Amino acid sequence: MKDFVDAHVDLWAGELDDLDRDVEGITVRLQVVTRYLERRREAVLAAYGLQLWEFKTLHMLRRGGTPYRATPGELARQLGMSPAALTNRLDALESRGYVERTHDRDDRRKVVATLTRSGSALWERGIGDILRVEEELIHHLPAADRTRLDSLLRRLVLVTEKDS
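Residue numbering for the sequence shown is 11 to 174, as defined by the working numbering.
Check before you lean on any hint, since a few could be wrong.
Unchecked claim - Just the calculated beta-carbon pair ranges, DEER-fashion:
1. I137 - A94: 25 to 31 Å
2. M11 - T170: 25 to 31 Å
3. G75 - G24: 34 to 40 Å
4. T124 - A94: 18 to 24 Å
5. K12 - S128: 45 to 51 Å
6. R158 - T97: 42 to 48 Å
To be verified - Taking lysine to any residue and the SDA-like style, the derived pairs with C-alpha atoms no more than 20 Å apart in a straight line are:
7. K66 - R135
8. K66 - I137
9. K12 - P152
10. K66 - E144
11. K120 - T76
12. K120 - Y78
13. K66 - S128
14. K120 - R79
15. K66 - T37
16. K172 - E146
Because the hints were derived from the structure by calculation, they are not lab data. Note that the structure is a prediction, hence the values are computed from the model and not measured. No residue lacks a Cβ here, since even glycine has one placed at the ideal position from N, Cα and C.
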C-alpha cells in the first residue's frame, strides 16, 4: 500500500540523482508520525485547558519522583530552554495553582518549584489520555512489528545520544 510519502520520494528522486529513497522515506515518515502525535496530544491537553509546553513542565516535575520538585535551573536544562523563559512558564502555572515556588529548606537562597496536588492530578488525567492516543496509533501494528520498530528506533536514538 502506498502513502503520500511515496509520491514525495518519487518526485525528489527524479530531481536529485543521489537521493537515498529509503533515507528520505524513513525521515519524512518519522516527521509525519511525530507531527500527528503532537497534534493529537495538543487536542487532548486543550480539553484540560493546557498547552503542550505547560504539560511538559508538569511532566518534568513529575518525572523527578516524589516530592515532585526541582529548581528552576534544573527544569530549564531538562526542557532545553533559558531560565528566563522558564520563569514565565512557572509564573503561568503558579497563577493557575499547578505549581508552587518556595525557598529550599536547606538553602534559603535557592528557589524550588513543586508540583501541587491539583497540578499532579491534572498531569495524571492528561498523561492517561495521551497514552491512549499513542496506543491507538501504535496498536495498528501487530505486536511483533511494534517490538521490531522499537528496537530499530532505539538503535537510531543511541546514535543521536553519542552525537549529542
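Evaluation of the provided hints:
1. I137 - A94: 25 to 31 Å: Given a distance of about 28 Å, which is inside 25 to 31 Å, the answer is holds.
2. M11 - T170: 25 to 31 Å: Holds, since M11 and T170 (Cβ atoms, about 30 Å apart) stay within the stated range.
3. G75 - G24: 34 to 40 Å: violated (53 Å)
4. T124 - A94: 18 to 24 Å: With Cβ atoms ~20 Å apart, the hint holds.
5. K12 - S128: 45 to 51 Å: holds (48 Å)
6. R158 - T97: 42 to 48 Å: For T97 against R158, whose Cβ atoms are near 44 Å apart, the range 42 to 48 Å holds.
7. K66 - R135: holds (14 Å)
8. K66 - I137: holds (10 Å)
9. K12 - P152: Holds, at roughly 19 Å.
10. K66 - E144: holds (16 Å)
11. K120 - T76: holds (19 Å)
12. K120 - Y78: With Cα atoms ~16 Å apart, K120 and Y78 stay inside 20 Å; holds.
13. K66 - S128: holds (16 Å)
14. K120 - R79: Given that 20 Å is the threshold and the Cα spacing comes to 12 Å, the pair holds.
15. K66 - T37: violated (25 Å)
16. K172 - E146: violated (32 Å)
Going down the numbered hints, you'll see the structure goes against 3, 15, 16, while the others check out.
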